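Quick note, the sequences are listed as chains A and B, same order. For the first sequence, the tail end lands on 439 under this note's numbering, and the numbers increase by one without skipping. For the second sequence, the tail end lands on 165 under this note's numbering, and the numbers increase by one without skipping.
Treat the hints as calculated values from the structure; they're not laboratory data. It is possible that some hints are incorrect.
Coverage of chain B stretches by chain A, computed from C-beta distances (three or more under 8 Å per stretch; other residues unrestricted) [as the list claims (entries may be wrong)]:
| hint | segment |
| --- | --- |
| 1 | 8-15 |
| 2 | 59-73 |
| 3 | 76-82 |
| 4 | 98-105 |
| 5 | 141-152 |
Every beta carbon over 12 Å from chain A, so not counted as near; a handful from chain B, in silico [claimed, not checked]:
| hint | residue |
| --- | --- |
| 6 | 43 |
| 7 | 54 |
| 8 | 88 |
| 9 | 112 |
| 10 | 116 |
| 11 | 130 |
| 12 | 134 |
Negatives, chain B to chain A, calculated, CB over 10 Å [claimed, not checked]:
| hint | residue |
| --- | --- |
| 13 | 3 |
| 14 | 27 |
| 15 | 30 |
| 16 | 53 |
| 17 | 137 |
| 18 | 163 |
Here the structure is a predicted model, which is why all the values come from computation and not from measurement. All C-beta atoms, glycine included, are put in the ideal place defined by N, C-alpha and C.
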Amino acid sequence: MTLLADLLAQRTKTQLSKLSIRSGVSPERLAEMAQGSDATLSELRRLAPALGVLFEELLPTNQSESPAELLFRRSIGPGAKLPVSASRLARKMTSSLSLTSSTSTHVGPHWKTAFLPPEDSVGSAETNAAIFRTLFYGNDQLSPITTLPSVASERMGVLIYVLNSSDIDGASAFVDNSAFAFVSTRFSGRMLFTLAHELGHLVAHHGNESFALIDEDIESTPDGQDRDKEAYANAFASALLMPRQSVGITLKTVRRLAKSDSDQLGDTEINLLSRIYGVSFWAAARRCEDLELIPRGGAYALHTKLVELHGSAEQRADELGLPPRPEIRFPKVPWPLLQAAVANVRAGEMSVGKAASALGISIADLYSANAPTKH
Amino acid sequence: MNIIYDSGSLINLANGHVLHAIFNSSHHNAFIGPLVYDECVSIAPELKELLDSGELSLLADASLTPTEFSDLLQRHGLGVGETECIAFLSRTDFVVSCDDAAARKVLMSLYGADRVTGTLGLLILAVGKHEISLEAAFASYQQMRAAGGYLPALSLEGFTALLS
Numbered sequence: 065m066t067l068l069a070d071l072l073a074q075r076t077k078t079q080l081s082k083l084s085i086r087s088g089v090s091p092e093r094l095a096e097m098a099q100g101s102d103a104t105l106s107e108l109r110r111l112a113p114a115l116g117v118l119f120e121e122l123l124p125t126n127q128s129e130s131p132a133e134l135l136f137r138r139s140i141g142p143g144a145k146l147p148v149s150a151s152r153l154a155r156k157m158t159s160s161l162s163l164t165s166s167t168s169t170h171v172g173p174h175w176k177t178a179f180l181p182p183e184d185s186v187g188s189a190e191t192n193a194a195i196f197r198t199l200f201y202g203n204d205q206l207s208p209i210t211t212l213p214s215v216a217s218e219r220m221g222v223l224i225y226v227l228n229s230s231d232i233d234g235a236s237a238f239v240d241n242s243a244f245a246f247v248s249t250r251f252s253g254r255m256l257f258t259l260a261h262e263l264g265h266l267v268a269h270h271g272n273e274s275f276a277l278i279d280e281d282i283e284s285t286p287d288g289q290d291r292d293k294e295a296y297a298n299a300f301a302s303a304l305l306m307p308r309q310s311v312g313i314t315l316k317t318v319r320r321l322a323k324s325d326s327d328q329l330g331d332t333e334i335n336l337l338s339r340i341y342g343v344s345f346w347a348a349a350r351r352c353e354d355l356e357l358i359p360r361g362g363a364y365a366l367h368t369k370l371v372e373l374h375g376s377a378e379q380r381a382d383e384l385g386l387p388p389r390p391e392i393r394f395p396k397v398p399w400p401l402l403q404a405a406v407a408n409v410r411a412g413e414m415s416v417g418k419a420a421s422a423l424g425i426s427i428a429d430l431y432s433a434n435a436p437t438k439h
Numbered sequence: 002m003n004i005i006y007d008s009g010s011l012i013n014l015a016n017g018h019v020l021h022a023i024f025n026s027s028h029h030n031a032f033i034g035p036l037v038y039d040e041c042v043s044i045a046p047e048l049k050e051l052l053d054s055g056e057l058s059l060l061a062d063a064s065l066t067p068t069e070f071s072d073l074l075q076r077h078g079l080g081v082g083e084t085e086c087i088a089f090l091s092r093t094d095f096v097v098s099c100d101d102a103a104a105r106k107v108l109m110s111l112y113g114a115d116r117v118t119g120t121l122g123l124l125i126l127a128v129g130k131h132e133i134s135l136e137a138a139f140a141s142y143q144q145m146r147a148a149g150g151y152l153p154a155l156s157l158e159g160f161t162a163l164l165s
């Protein structure tokens with residue numbers, strides 16, 4: 065099945081109707097294409113932006129699966145269906161590596177041996193989160209780290225891509241000594257936690273062999289062999305974004321300011337934690353469970369109650385007049401790759417159209433990156 | 002002369018504020034393919050205006066099949082707009098205006114140097130026909146470079162030397 069047929073087949077009738085309006089391709093033709101009928105070049109051109117993919121991704125190809133795609137397939141086990149986004153991620157990884165291959169003197173991440181192997185899920189996750197803050201945040205073990213996207217990109221050298229994918233939350237991979245983290249566009253608090261989760265997978269990976277992991281829904285607990293890996297990555301993300309000691313100090317301060325003697329933690333305090341640390345209410349509440357500040361199951365109960373009474377935890381936070389969320393900025397493209405692309409185009413090693421496509425940016429963006437003020 | 006434009010060339014001409022001057026030049030008719038048009042999002046309003054006024058014409062891609070296009074894309078390793086130029090050149094006797102070094106190399110090897118020009122070539126041609134002054138053309142070239150155009154670094158003397 066082609067990517068186009070896959071993308072169309074996963075859409076509901078209403079979504080296809082909206083797609084028809086956005087693309088100018090009739091619903092009848094969309095239905096035919098979903099069944100595998102060939103599209104014309106003009107149809108592909110109109111459908112690509114409406115589907116949020118690159119035109120060239122929709123073209124027929126005789127190429128067999130790329131090594132990166134095979135890594136994703138290996139990670140899900142035999143028989144399981146690979147999410148539609150996996151082949152797109154694999155293509156991005158292959159394109160990224162093609163950009164760096166001629167210019168890179170890359171010898172692999174300097175941090176690779178700095179972390180403990182994840183022998184004990186929660187314990188080593190807490191330790192590795194502290195090591196992460198020591199390495200990349202000047203040993204600041206307390207402050208919120210809403211700058212994580214830029215720090216992971218610039219100081220760790222992780223190639224971070226923001227995706228327009230509905231079928232996965234994120235993914236991570238280590239290929240040819242390059243570390244990749246993919247984060248799907250969601251609410252900013254969830255994206256920050258997803259990035260920290262993917263970094264958890266990366267720091268837990270020891271050895272030089274390549275790996276690739278897809279996280280379809282990081283808030284659910286998978287079965288089988290992935291259970292420990294996912295539990296570890298979630299524990300790492302929680303400890304990194306909301307360090308135990310920091311949460312304790314914050315709550316003490318909040319209670320002092322509110323002149324509260326109560327040891328009870330309610331939705332207001334958790335909502336405040338979520339705003340301070342830039343994570344979702346759900347992530348903050350789960351962290352409170354892990355720190356035994358609320359009973360097991362409390363996160364689910366509180367979250368359900370807020371949705372029932374207020375529509376969402378965010379709505380409740382706004383009604384309470386809590387401070388706004390910190391802005392979390394994800395780089396549009398990995399900075400080292402942008403530099404490599406400019407160098408390749410200047411040297412005539414790669415065309416500007418090919419380089420722009422590899423990065424998923426416009427040709428005008430690649431021109432701006434070449435402007436004298438940028439180098 | 003019929004000239005089909007690649008994205009980079011159009012963006013350079015727009016950044017140098019000479020789109021109208023070049024397109025209204027007596028020596029050529031300007032064409033653009035649909036994929037190149039889509040690539041030029043940053044100058045879409047200018048292109049729309051040029052298409053509406055008839056100074057630029059949009060080519061139809063109905064005769065290109067996705068399989069043929071995909072083959073060209075994989076064979077030459079260029080971007081989609083550059084590949085579209087290759088496809089149109091194979092069906093016409095047009096000349097292509099392309100500023101990208103890697104794409105020019107492929108285009109010249111396929112169709113010969115006579116069918117490949119670029120922004121600098123068009124500026125020089127317009128100067129030679131007294132449609133733009135040398136000073137205005139050089140100022141325009143400098144604006145293109147300042148905006149990030151992938152063009153060779155030339156002094157005024159070097160630029161002038163292209164006229165000969």
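We went through each hint and held it up to the structure:
1. 8-15: holds (count 3)
2. 59-73: As far as the segment 59-73 of chain B goes, the hint holds, because 8 residues have Cβ atoms under 8 Å from chain A.
3. 76-82: holds (count 5)
4. 98-105: Our answer is that it holds, as 4 residues pass the Cβ test (under 8 Å) against chain A, meeting three.
5. 141-152: holds (count 6)
6. 43: 4 Å, violated
7. 54: At about 22 Å from chain A, residue 54 of chain B clears the 12 Å cut-off, so the statement holds.
8. 88: 9 Å, violated
9. 112: Per Cβ check, residue 112 of chain B is outside 12 Å of chain A; nearest 16 Å; holds.
10. 116: Answer for residue 116 of chain B: holds, closest chain A Cβ roughly 17 Å.
11. 130: 28 Å, holds
12. 134: Label holds. Min Cβ-Cβ 25 Å, cutoff 12 Å.
13. 3: Given a closest Cβ separation of 21 Å, the condition holds.
14. 27: Check passes; 29 Å lies beyond 10 Å.
15. 30: The claim stands: residue 30 of chain B keeps its Cβ more than 10 Å from every Cβ of chain A (closest is about 23 Å).
16. 53: 19 Å, holds
17. 137: 21 Å, holds
18. 163: Residue 163 of chain B clear of chain A: closest Cβ-Cβ about 19 Å, beyond 10 Å.
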